[in-house]
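Assemble the complex: chain B is given as a structure, and chains D and A must be docked to it using the hints.
Each chain is listed here by its residues.
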Amino acid sequence: MSGTFVGMPAFPKAAHEAVHDQTLRGNLRHATHTIRGKRATAVAEVSDWAALRDAGARIKDHTLRHLDGYLVQLEESVTAAGGTVHWAADADEANRIVAELVKETGESEVVKVKSMATQEIGLNEALEAEGIRAYETDLAELIVQLGKDRPSHILVPAIHRNRGEIRDIFAREMSEWGRPAPDGLTDTPAELAEAARLHLREKFLRAKVGVSGANFMVAETGTLVVVESEGNGRMCLTLPETLISVVGIEKVVPTWQDLEVFLQTLPRSSTAERMNPYTSTWTGTTDEDGPRDFHLVLLDNGRTDTLADEVGRQALRCIRCSACLNVCPVYERAGGHAYGSVYPGPIGAILSPQLRGTASEIDASLPYASTLCGACYEVCPVAIDIPEVLVHLRERVVQGGQVIQGGNKVVLKPAKGHAAERAAMRAAGWAFARPAALRTGQRLASRTRRLHPRSLPGPGKAWSGTRDLPAVPAEPFRDWWQRTHGGKDGAK
Amino acid sequence: MRVALFLTCVNDTLYPDTGRAVVKLLTRLGVEVDFPMAQTCCGQAHYNTGYRHGAEPLARHFSDVFGEYEAIVTPSGSCGAMVRELYPRMGERARAEGRGDTLAATLAPVVPKTYELTEFLVDVLGVTDVGAYYPHKVTYHPACHGLRGLGLADRPQRLLQAVKGIELVELPGADECCGFGGTFAVKNSDVSAAMGADKVRNAESTGAEVLCAADNSCLMHIGGTMARLRTGMRPVHIAEILASTEEEPAV
Amino acid sequence: MSSRERILGRVRRALADVRPDDTPYEQAVLREYLREHGERSVEETVDLLAENLADYRAIVHRCSAGDLPATIAGMLAARGAKTVLVPPGLETAWLAAADVERVPDRAESSARQLDQLDSVVTACAVAVAETGTIVLDGSPDQGRRRITLVPDHHICVVRVPDQVVSSVPQALELLDPARPLTWISGPSATSDIELDRVEGVHGPRTLEVILVG
Chain B
1 MSGTFVGMPA FPKAAHEAVH DQTLRGNLRH ATHTIRGKRA TAVAEVSDWA ALRDAGARIK
61 DHTLRHLDGY LVQLEESVTA AGGTVHWAAD ADEANRIVAE LVKETGESEV VKVKSMATQE
121 IGLNEALEAE GIRAYETDLA ELIVQLGKDR PSHILVPAIH RNRGEIRDIF AREMSEWGRP
181 APDGLTDTPA ELAEAARLHL REKFLRAKVG VSGANFMVAE TGTLVVVESE GNGRMCLTLP
241 ETLISVVGIE KVVPTWQDLE VFLQTLPRSS TAERMNPYTS TWTGTTDEDG PRDFHLVLLD
301 NGRTDTLADE VGRQALRCIR CSACLNVCPV YERAGGHAYG SVYPGPIGAI LSPQLRGTAS
361 EIDASLPYAS TLCGACYEVC PVAIDIPEVL VHLRERVVQG GQVIQGGNKV VLKPAKGHAA
421 ERAAMRAAGW AFARPAALRT GQRLASRTRR LHPRSLPGPG KAWSGTRDLP AVPAEPFRDW
481 WQRTHGGKDG AK
Chain D
1 MRVALFLTCV NDTLYPDTGR AVVKLLTRLG VEVDFPMAQT CCGQAHYNTG YRHGAEPLAR
61 HFSDVFGEYE AIVTPSGSCG AMVRELYPRM GERARAEGRG DTLAATLAPV VPKTYELTEF
121 LVDVLGVTDV GAYYPHKVTY HPACHGLRGL GLADRPQRLL QAVKGIELVE LPGADECCGF
181 GGTFAVKNSD VSAAMGADKV RNAESTGAEV LCAADNSCLM HIGGTMARLR TGMRPVHIAE
241 ILASTEEEPA V
Chain A
1 MSSRERILGR VRRALADVRP DDTPYEQAVL REYLREHGER SVEETVDLLA ENLADYRAIV
61 HRCSAGDLPA TIAGMLAARG AKTVLVPPGL ETAWLAAADV ERVPDRAESS ARQLDQLDSV
121 VTACAVAVAE TGTIVLDGSP DQGRRRITLV PDHHICVVRV PDQVVSSVPQ ALELLDPARP
181 LTWISGPSAT SDIELDRVEG VHGPRTLEVI LVG
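First to last, the protein sequences are chains B, D and A.
Going by the UniProt record's numbering, the first residue of the first sequence is number 1, and it counts up by one from there.
Going by the UniProt record's numbering, the first residue of the second sequence is number 1, and it counts up by one from there.
Going by the UniProt record's numbering, the first residue of the third sequence is number 1, and it counts up by one from there.
Chain B on its own, in the form it takes in the complex (with noise of 0.2 angstroms):
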């Protein structure tokens, strides 16, 4: 498998492998029915929960629509602090700016934290172009890297794997990267995340550049937070001398306060836990305890194109906590990679086609990768009304419009692929207008009843491939109701 998204196919496409893929769905559904209960107890503890989701959502509201005032304020604080700030309009522009801080070190490989912003940027790729190697260290992250797979979950990017398939890949892979599995190496996750220690540790020890992402930067006072569980973090923020924090536009927040909310609901949303093991502060560089020098590289990479989009800016809201995955029942079926984007699930189809665009395949079926049922808006702890995006992009997907791309105004077409639904939904629309027409079509169905199969050929297989058409009744409902005058005459 390759490591890119480049090039995927359409949802629907790439789901058909997964749902049919019976280790998958299993190892899928087990994580993710996991979790599910967890969070909802998590959550069930704090009693103000909804007040602090709302708060959440004003904060990140107040932020984007004061983005620029406070992006100069955290450039401030973050410099007189003792950082250098640097600005990324795209993602080859970031790549080159951490390349150059890591070759000006004269260093050829960096230990990494867990981040999306640097995977969405292919940032591992792009330094290993220049030479230089990135060693992941979250386990996951690692168990993605080792395995030469893609993610396929924000928080837990190896879940589409077991801790058999773990195994092996430990057992097999970790000796080209480093130190070798220990012999005899089980499946038991102590054992493993034990393997996964003293594989990274010698990294830890050595490295002198640390490459990360951060959840939050506070604007008032320039300090940057990572919230993590395994310690791989608190490694590559503090023992390396250089750090280069690569951190997308949307992380800022105003206050220090604005940290309370955040700190209470992004863990118990994200990994069902009260607090998680380890959160690291920091502000600009301190003498004696961490890195001399910090970069902070701010990336935008589609995010202002999202924020033009007066409905689709809510997707920058995001926290990553990945609570909506989770509880996606098509996530669930369909995994992670058949989202072709490093954000998968119900906020990965809102986030990829505004981040994108909606040109490639993939991008303009993701808005369609959804039953709207509502879950993932549910359990969002900022609030994110997911549908609601899903059915503004499914819009421009289908209609065209102006949007912003690479901050220029943009005039799109409507998709091609959606001409026979444009017609069906056209004839609808006149039928639904002319109450007449529309019974004349109820009873011309009801009159050919008898000669309807329960399966249809062709494209209407998509429904009846695996389940029944309805029987049409004798009679709709408005000629029994004209027929009876209102069933007052008895009649059945």
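Treat the hints with care, as some may be off.
Cβ pair distances, simulated, as ranges [stated by the list, open to error]:
#1 A/47 with D/108: 32 to 42 angstroms
#2 B/310 with A/108: 32 to 42 angstroms
#3 B/414 with D/209: 40 to 50 angstroms
#4 D/95 with B/430: 22 to 32 angstroms
Capping the alpha-carbon separation at 20 angstroms, the derived lysine to aspartate or glutamate pairs in DMTMM-like fashion look like this [as the list claims (entries may be wrong)]:
#5 D/113 with D/85
#6 D/164 with D/154
#7 D/187 with B/468
#8 B/203 with B/241
#9 D/24 with B/475
#10 B/488 with D/34
#11 B/409 with A/5
#12 B/148 with B/168
#13 D/187 with B/395
#14 B/38 with A/51
#15 B/148 with B/176
#16 B/488 with D/32
#17 B/203 with A/152
#18 B/488 with D/17
If you're looking for bench data, these hints aren't it; they were derived computationally from the structure.
Note that the Cβ used here is the ideal one computed from N, Cα and C, for glycine as well.
The following block gives chains D and A in isolation, referenced to the frame of chain B:
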């Protein structure tokens, strides 16, 4: 009290029994029911598939047809949610597109007086025991738009619990979507079918004869799956259970 | 045009539809959530801290100030620790009874050297009862961030009830954002295998907390 029955286009065309059951039930409870013949469709399929502008004339038509009634009752959580949740949003979007307040003002009157059936029974009529009799083993699937869109909570279950003779059993994974999702069912038929099969297997595991829901579009998908998997279970709309009495039991 | 100007310009254009709003930030966001959850006596708050620390597999001890040296000595002996890392400002009395080699942390000590040591003993800045969290802020009695990270055994002393708060909001009020902070809730852990929690990865695999007071 005189109310308009908004049956929905799907029920009118494919599930007239549900319509007859609603009329029978409400009449029994002393409600005068009218069925405005000019009604067609709320526009949900258009809206949710991305044709919001195509849904607007249908919404305006809905408002014309139903605007004068005291209350509008529909035996569909998703069509009810369309009116209550999405009509206001359509008005907002039109305003944001620089088309003024006309659409919002046209749709506003129908929004607060549209009720899903179980909501109307419990909240407006204030009844949970509707005098029904249904001697069968039943499991209830809370369809998503009713559950999460309208916030029906346990209203349907309270109504079912009061039915004489019924044996109500809990559905495992009840609040998980059945996989219908309108055009999702055909655009993403593999995932839709997998969700439907899981829902049916969960329903089967209860040993119930009947799977009940308050939305026939979901039941069309679940029932079609049941028939294909030859489970022997039947999908039944909640209105048909609540309409059934000892004198006139549902078949 | 620099990327800085380009991005800031894009942000401003993207927000063209947003009406200017000069409400001061303190009033712009409604904060109807609680400052703490539930009402507890001071004693109950300390008990909750102990309970939540233990729930996430920290080992909790309670003792009086007078018994602290003996308690620490006993814990180090039980662990079989021969070397213990000492932050520069740690109260000397705390380790007075311990039969171990005390290794002071120095600016030049490398990560590899720290990796050779058995245990580390520190104080803390504040502890949060509702979440079972201890927070270190790099003060002299807690030392650099790395010293509580590399050794596999961390003993952390919390002065109760003075250093205990109920909630995350109360903790943030007391902490100085300019200092590098480490919030610790139990030993290192991962949920990366089948979304099930396993304790013990890169950070100290054993966290012992002494509630002294």
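Check: Out of the numbered hints, which ones does the structure contradict?
Finding: Violated: hints 1, 2.
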